[in-house]
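Protein chains in written order, with my numbering: chain A, 1 to 333; chain B, 334 to 722.
Simulated from the structure, these hints should not be mistaken for lab results. Fair warning: there could be bad hints in the mix.
In silico lysine-lysine, DSS-like type, Cα no more than 25 Å apart, as pairs [stated by the list, open to error]: (1) K201/A with K224/A; (2) K613/B with K45/A; (3) K559/B with K476/B; (4) K328/A with K22/A; (5) K519/B with K613/B; (6) K712/B with K45/A; (7) K476/B with K519/B; (8) K178/A with K519/B; (9) K178/A with K613/B; (10) K224/A with K45/A; (11) K97/A with K213/A; (12) K712/B with K667/B.
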Amino acid sequence: MSKNSVPNTQNKSVISRLGGQKFIVLLVVVGLIIFFSAVSPDFRKYSTAMSILDYSYYIALMAIGVTFPLITGGVDLSIGTGLICYSLTGGFLIVQKGWPVWAGMLMALLLSIVIGLLNGVLVSIMNLPPFLATLCTCMITRGLGSIFSNRLGISWPTSGTPGSWFRNIFKITVNGTKIPLGFLWVLLLVAVMAFVLNHTKIGRYTIAIGSNKEATILSGINVKFYHIMAYVISGLFAGLAAIAYSAVFSTVQPGTGAGFELEAIGGAIIGGVSASGGVGSVGGSLIGVFVICLLKTGLPYIGLQANWQQIITGLVLIGAVLVDIMKKKKEKI
Amino acid sequence: MKKKVLTTLLCVSLAATLLAGCGGKSDTPASADTAPATEDAAPATEDAAPATDASVATGGDYKFEIIVKSYQSSYWQAAVTGVNQKAEELGVTVNCTGPNAESDIADQVNMLNNAINNQPNGIGLAACDQEACLDSLQTAMDKGIPVVCFDSGIPSAPEGSVYATIATDNYAAGATAAENLYPALKDKIASATAPVRIGEVNQEATSESITSRGLGFIDKIIELAKADGKAVAVIGNEYYVNNCSEKGDEASADIIIEVAVPAQTTVELCATEASVILNKADTIGMFGSNQVAAEGILTANENLDVLGTDPATSILAAGFDAGSVIKGAITSGKMFGAVTQSPLAMGQTTVEVLTKIANGESVSDVPTQGYWYDSTNMKDASIAPNLYD
Chain A
1 MSKNSVPNTQ NKSVISRLGG QKFIVLLVVV GLIIFFSAVS PDFRKYSTAM SILDYSYYIA
61 LMAIGVTFPL ITGGVDLSIG TGLICYSLTG GFLIVQKGWP VWAGMLMALL LSIVIGLLNG
121 VLVSIMNLPP FLATLCTCMI TRGLGSIFSN RLGISWPTSG TPGSWFRNIF KITVNGTKIP
181 LGFLWVLLLV AVMAFVLNHT KIGRYTIAIG SNKEATILSG INVKFYHIMA YVISGLFAGL
241 AAIAYSAVFS TVQPGTGAGF ELEAIGGAII GGVSASGGVG SVGGSLIGVF VICLLKTGLP
301 YIGLQANWQQ IITGLVLIGA VLVDIMKKKK EKI
Chain B
334 MKKKVLTTLL CVSLAATLLA GCGGKSDTPA SADTAPATED AAPATEDAAP ATDASVATGG
394 DYKFEIIVKS YQSSYWQAAV TGVNQKAEEL GVTVNCTGPN AESDIADQVN MLNNAINNQP
454 NGIGLAACDQ EACLDSLQTA MDKGIPVVCF DSGIPSAPEG SVYATIATDN YAAGATAAEN
514 LYPALKDKIA SATAPVRIGE VNQEATSESI TSRGLGFIDK IIELAKADGK AVAVIGNEYY
574 VNNCSEKGDE ASADIIIEVA VPAQTTVELC ATEASVILNK ADTIGMFGSN QVAAEGILTA
634 NENLDVLGTD PATSILAAGF DAGSVIKGAI TSGKMFGAVT QSPLAMGQTT VEVLTKIANG
694 ESVSDVPTQG YWYDSTNMKD ASIAPNLYD
């Protein structure tokens with residue numbers, strides 16, 4: 001998919017090493033599938049694969065978006081609670097106010113862009129540390145979501161009711177077989193955003209900001225604008241993730257969502273996005289997300305109590321960050 | 334660079350702490366959950382409230398103030414309907430108020446103070462916050478105004494200020510689900526040549542409401558199965574295995590109850606846990622002990638298509654609480670039935686207890702009932718008002 005790019009260290013061995021990491025992560029994904037399939041016959045079923053895909057869309061979409069702030073050397077912690085907030089807002093307008101579904105979706109996306117913009121302004125213009133800025137918007141979106149929904153769970157139109165067409169965006173049934181359409185959209189968006197990251201100004205400057213912000217400013221680039229754009233992209237994809245979440249799951253509960261962002265950020269870092277910025281690829285983030293999703297789904301199938309999933313995911317993440325640190329060290333030498 | 338790595342790691346860990354702080358909250362949205370529930374399968378018996386004794390019906394010109402947690406949700410609207418119904422029946426006057434949202438704690442305290450100033454014969458209170466009302470309760474007691482709590486109790490209330498608390502008996506509510514699910518599975522259990530499995534998904538193993546429901550279901554299944562001469566074993570989450578009436582021996586059991594608890598209280602993780610059990614060939618029944626768990630079972634079924642209402646060909650699932658998703662699944666035959674809490678009966682009981690107090694009778698805490706509902710009785714006058722969205 002996307003090329004990994006390190007503008008300041010155009011050294012071939014680094015690039016090949018990074019490609020190597022993406023490849024290793026892909027091997028991990030394949031290894032996990034083989035392992036879980038071998039241990040649990042139920043894991044081999046088509047329905048299990050469908051469930052893994054269904055439950056991966058919203059994390060994958062968040063991961064595509066959050067890759068941009070991560071590459072600038074920042075982070076976006078507001079995407080998890082933001083997702084729930086946008087979903088509650090859209091759902092509230094559709095269910096309580098009688099808006100058409102497309103209008104509710106549009107409002108969810110608009111709100112996500114506004115929150116992304118707010119993050120960008122706080123980080124780029126007000127110079128707040130990204131961690132703090134997005135932690136604040138994380139709290140704000142959680143509060144907003146509860147206010148919009150009056151603290152009640154909201155269900156977007158369920159299958160079979162008028163307005164449930166949007167659920168078919170992610171899954172259709174043909175002759176009794178379920179087709180995971182959502183995965184195609186995710187792949188398409190990965191391709192588009194990989195192009196944006198590697199072949200457009202927004203993407204190139206995002207990488208430049210993460211690699212060496214001072215040099216980027218000195219070269220006359222409007223860093224503030226491109227820095228804001230990274231957060232807007234992250235916000236927008238949290239909005240898209242909100243739609244995916246609403247389509248796959250039935251009821252959106254206010255007060256939830258904290259923790260979703262960690263799975264997306266964790267996936268991106270496992271997939272090769274540098275924890276210190278400047279390096280990363282959208283395709284890598286997607287593969288990383290599947291490591292997390294496979295662990296989440298697979299571990300219950302082999303009879304492990306659910307808490308082990310979090311421990312193991314944490315360990316995998318430590319491994320990924322260590323690889324990144326080692327890479328940086330070698331680069332310096 | 335190292336600094337940045339450190340910062341990022343710190344971010345992740347701090348955010349994780351934040352997450353831990355928010356964990357387990359998904360039971361709170363709709364105070365629905367913290368609320369009431371239990372009754373045996375007889376929803377038709379109108380008087381879910383402690384029987385309407387004739388002695389109570391001497392309301393006369395009593396005036397009561399009723400304060401709900403919020404005034405907008407259908408759950409609370411059902412409670413207010415119950416209050417008004419019983420007030421009309423007993424011939425008493427009630428004045429219902431409540432803040433816009435359950436988080437408007439200060440508003441509710443103001444309302445309580447105003448209610449006290451109105452010098453009513455009694456106050457019915459569903460407190461938004463367990464601490465915020467303590468001073469007001471003291472004032473009410475000083476002025477000799479009896480207070481009855483409903484939906485949620487106030488454990489630290491000044492002694493003597495709260496005359497009775499009307500809230501759900503969650504253990505019995507869980508048992509209600511078992512009482513209705515078991516008879517439908519009975520033939521299949523009787524004719525089974527190998528052990529059969531009944532799954533239970535609980536969103537956590539810490540809160541009183543969820544664990545009581547979960548254990549109520551397990552213990553009732555054990556009791557009913559034993560009466561039929563079947564041995565039961567409970568496996569899975571340790572809390573439930575160790576706290577049920579008898580965990581049994583998996584090797585010799587006729588019925589295996591498998592209890593799953595996800596790592597976090599999200600629909601998606603509940604769904605994954607439910608998928609694991611629904612995938613097993615010997616599974617015949619499922620129970621989800623709150624809205625999130627029940628919807629998790631339904632979400633898992635989206636890809637599995639194993640749920641239905643015919644025990645011969647499908648797995649029968651029982652849920653808990655209402656909401657449009659569960660109601661829709663029951664109407665369409667995906668879910669066998671569910672237990673709903675009874676805001677309507679809670680409202681009725683509150684007025685009844687207040688009237689009793691005003692009449693000088695002694696009162697005690699009233700556990701309210703949960704109702705079993707399925708496609709056959711959803712529209713009944715005694716059930717429909719309790720099926721909030």
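How the hints compare with the structure:
{"no.": "1", "hint": "K201/A with K224/A", "verdict": "holds, 13 Å"}
{"no.": "2", "hint": "K613/B with K45/A", "verdict": "holds, 12 Å"}
{"no.": "3", "hint": "K559/B with K476/B", "verdict": "violated, 54 Å"}
{"no.": "4", "hint": "K328/A with K22/A", "verdict": "holds, 16 Å"}
{"no.": "5", "hint": "K519/B with K613/B", "verdict": "holds, 19 Å"}
{"no.": "6", "hint": "K712/B with K45/A", "verdict": "violated, 39 Å"}
{"no.": "7", "hint": "K476/B with K519/B", "verdict": "violated, 57 Å"}
{"no.": "8", "hint": "K178/A with K519/B", "verdict": "violated, 33 Å"}
{"no.": "9", "hint": "K178/A with K613/B", "verdict": "holds, 21 Å"}
{"no.": "10", "hint": "K224/A with K45/A", "verdict": "violated, 49 Å"}
{"no.": "11", "hint": "K97/A with K213/A", "verdict": "violated, 46 Å"}
{"no.": "12", "hint": "K712/B with K667/B", "verdict": "holds, 18 Å"}
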